[in-house]
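Asks: Please build the complete structure, drawing on both the sequences and the hints.
To get my numbering, take the position in the first sequence, counting from 1, and add 32.
Just so you know, the hints here were simulated from the structure itself, not pulled from any lab data. The C-beta atom is built at its ideal place from N, Cα and C for all residues, glycine as well. Hints may be right or wrong, so weigh each one.
[What the hints assert, rightly or not] Calculated cross-link-like contacts (lysine-lysine; reagent style BS3-like; alpha-carbon spacing at most 27 Å): (1) K185 to K204; (2) K135 to K185; (3) K449 to K83; (4) K578 to K593; (5) K283 to K83; (6) K283 to K218; (7) K135 to K593; (8) K459 to K419; (9) K575 to K37; (10) K122 to K283; (11) K575 to K549; (12) K529 to K565; (13) K445 to K408.
[What the hints assert, rightly or not] Simulated DEER-style distance windows between Cβ atoms: (14) N352 to E332: 15 to 21 Å; (15) L121 to G420: 30 to 36 Å; (16) A275 to D351: 54 to 60 Å; (17) E91 to V120: 46 to 52 Å; (18) Q297 to D351: 48 to 54 Å; (19) Q48 to I175: 18 to 24 Å; (20) K408 to A461: 50 to 56 Å; (21) E211 to Q393: 57 to 63 Å; (22) R65 to R131: 45 to 51 Å; (23) G360 to F126: 43 to 49 Å.
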Amino acid sequence: MHWSKQLIPTLREVPQEAEIPSHQLMLRAGLIRKLSAGLYTFLPLGFRSLKKVERIVREEMDRAGALEILMPALHPQEIWENTGRFDVLKDVMFKIKDRQERKLVLGPTHEEIVTDLVSHEINSYRQLPVNLYQIQTKFRDEIRPRFGLMRAKEFIMKDAYSFDADWDGAEKSYQAMYEAYKRIFKRCGLRTKIVEADTGAMGGSSSHEFMVLADAGEDGLVECGSCPYAANLERAESVLRSAVTFDGAEKMPEVVATPNRRTVQEVSNFFKSSPARLIKTLIYMADDKPVAVLVPGDREVNEIKLNRALSAKSLVLADNPTIARVTGAPVGFAGPVGLSLPIYADHKLKGYQGAITGANQADAHLVNVDLERDAKVTQFVDVTSAKGGDGCPRCGNGTLNEKRGIEVGHVFKLGTKYSEKLSALYKDAEGKEHPAIMGCYGIGVTRTLQAVIEQCFDTDGIIWPITIAPYSVEVLVINAQHAESAKVSVEIVAALKAAGIDVLYDDRDERPGVKFKDADLLGIPIRVNVGEKSLAKGVVEIKMRKTKELRTVPVAEAVNKILSTIRELNDEING
RNA sequence: CGGGGCGUAGCUCAGUCUGGUAGAGCACUGGUUUUGGGAGCCAGUCGUCGGAGGUUCAAAUCCUCUCGCCCCGACCA
33 MHWSKQLIPT LREVPQEAEI PSHQLMLRAG LIRKLSAGLY TFLPLGFRSL KKVERIVREE
93 MDRAGALEIL MPALHPQEIW ENTGRFDVLK DVMFKIKDRQ ERKLVLGPTH EEIVTDLVSH
153 EINSYRQLPV NLYQIQTKFR DEIRPRFGLM RAKEFIMKDA YSFDADWDGA EKSYQAMYEA
213 YKRIFKRCGL RTKIVEADTG AMGGSSSHEF MVLADAGEDG LVECGSCPYA ANLERAESVL
273 RSAVTFDGAE KMPEVVATPN RRTVQEVSNF FKSSPARLIK TLIYMADDKP VAVLVPGDRE
333 VNEIKLNRAL SAKSLVLADN PTIARVTGAP VGFAGPVGLS LPIYADHKLK GYQGAITGAN
393 QADAHLVNVD LERDAKVTQF VDVTSAKGGD GCPRCGNGTL NEKRGIEVGH VFKLGTKYSE
453 KLSALYKDAE GKEHPAIMGC YGIGVTRTLQ AVIEQCFDTD GIIWPITIAP YSVEVLVINA
513 QHAESAKVSV EIVAALKAAG IDVLYDDRDE RPGVKFKDAD LLGIPIRVNV GEKSLAKGVV
573 EIKMRKTKEL RTVPVAEAVN KILSTIRELN DEING
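Replies: Put into structure tokens, the structure is as follows:
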């Protein structure tokens, strides 16, 4: 393809709307353009890479035995009401009506739709297992779309759904997808970290996320320095490394006047103690009933964990009047001692002695508190997030490191949640009916594309892995008006095309500097410079985008050299 | 939804405080010289200053309302 006939609107300057590298580069390299918040057009270059990612996904899903289908993006609202998920997801779904006032939604995911399909088409254990997948546009009314394709209102997802007759089979299906995902991301040139994750609105027993480590990632995670344990912060467990006994451990509680010291910072400053010595008491309304939640002063409540621990349908922090009523003190002075509420203490507080808590009276705190001796803890639960420096919950001696990641894939063990509600039943050999056991598996295809860029760039631009680069090779003629240069360029381009290689030919009548800058920005892995000076010596230059290595090769050997270099780059990724 | 920032040429931005004929660089068009890392010169095109209303002799600038975009948070698969 001749550059002069392509649409590649590169930007010299960083657009104001973009903050993170991958978003800036996608705009600058002319891959995408914004229509509105969270809605993007793929320009030719971006679309080419997108299709290459899709192709890898498709090849690996097919290889794993999954069957490609295509489901509608428009769904009757009713089917979502049948599983009870309309209430869970109604804020994230776009809701519309047809001309007959029938209620429809734009699909944010497809568990209901595929299960409905299977309920009609699969009846016997002989038809199982089956794994159906699609690559399709999803719609989610995000509260805050962000960072270009990273979190968009409309995006392309590969979603797969497995149905098995028994739990062993379901486990095998899950493992097959897990392995397929590893291959997919590897082939895209991504380094991913697989972490244990929360299942959220999807439900089910357990799940793993495929994370691309990047500072711009929206998810926090921890990984153990000495064993394979890694988990999303929403779920991660950890062991406390710091002390749980403090000065005054053997003494009895004592009220100390702390006028106007409410926050952890103020109180710990007042006592000249570390925040960890404080026990923070928060009052939550769990299904409209007040409960006390205790966490170490230097920790925050992880509401996802709290929700799970209490199995509450609704969970909100109590308002100030409620706090005053149930603790008998203004906000800032609540404590567990003498409190007549259910008390849920984070397990990191186990063994806390000599601690400082609110005294449940205005302007006062208690010191020398021994939590288990002095307060009636209803239950110890895991309700705080792990953080870097904590101990590993698995191997015991490792230390957790905190990282940020972009979630590009998520695999879930769903069990029978959907198959029961939508009657996706099969008959076993004895003719008895059972709900199929399900798994679901998602890859954010458009997000993956951006994640690759977030992981592969330098100060000059994108550095595409050859497997998903818009073109494998860029031929750059230094001076388009120099007849010999143009002739050699065209010959090399034609020979590469004949060998089945994607080639971009920068034939523009621009100054060399402009073309070099654009080439680096676009990040095509292999660049061939064809110029008067090197032709005089009978050679052309092959410049590697990633390593910046420059090789000169005789014109006659150029095409073969390029082809072998392409093979090397592919082997590097797939090998 | 709460907090913060921003909307002026295709892009990046100045001008707004202190009201007085709308600017720069890049891009674009034509010409010319130049051709190995974002060229020089000459000439030119491009604006409902996000929108509506108000104050004023006069509004990009002051006031009110509104729309959009970005960031942080809440929330979220």
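Asks: Next step is simple, just say for each hint if it's right about the structure.
Replies: Results of checking the hints against the structure:
| no. | hint | result |
| --- | --- | --- |
| 1 | K185 to K204 | violated (33 Å) |
| 2 | K135 to K185 | holds (20 Å) |
| 3 | K449 to K83 | violated (34 Å) |
| 4 | K578 to K593 | holds (17 Å) |
| 5 | K283 to K83 | violated (69 Å) |
| 6 | K283 to K218 | violated (59 Å) |
| 7 | K135 to K593 | violated (60 Å) |
| 8 | K459 to K419 | violated (48 Å) |
| 9 | K575 to K37 | holds (24 Å) |
| 10 | K122 to K283 | violated (53 Å) |
| 11 | K575 to K549 | holds (13 Å) |
| 12 | K529 to K565 | holds (25 Å) |
| 13 | K445 to K408 | violated (37 Å) |
| 14 | N352 to E332: 15 to 21 Å | holds (20 Å) |
| 15 | L121 to G420: 30 to 36 Å | holds (33 Å) |
| 16 | A275 to D351: 54 to 60 Å | violated (35 Å) |
| 17 | E91 to V120: 46 to 52 Å | violated (34 Å) |
| 18 | Q297 to D351: 48 to 54 Å | violated (23 Å) |
| 19 | Q48 to I175: 18 to 24 Å | holds (22 Å) |
| 20 | K408 to A461: 50 to 56 Å | holds (54 Å) |
| 21 | E211 to Q393: 57 to 63 Å | holds (60 Å) |
| 22 | R65 to R131: 45 to 51 Å | violated (33 Å) |
| 23 | G360 to F126: 43 to 49 Å | holds (47 Å) |
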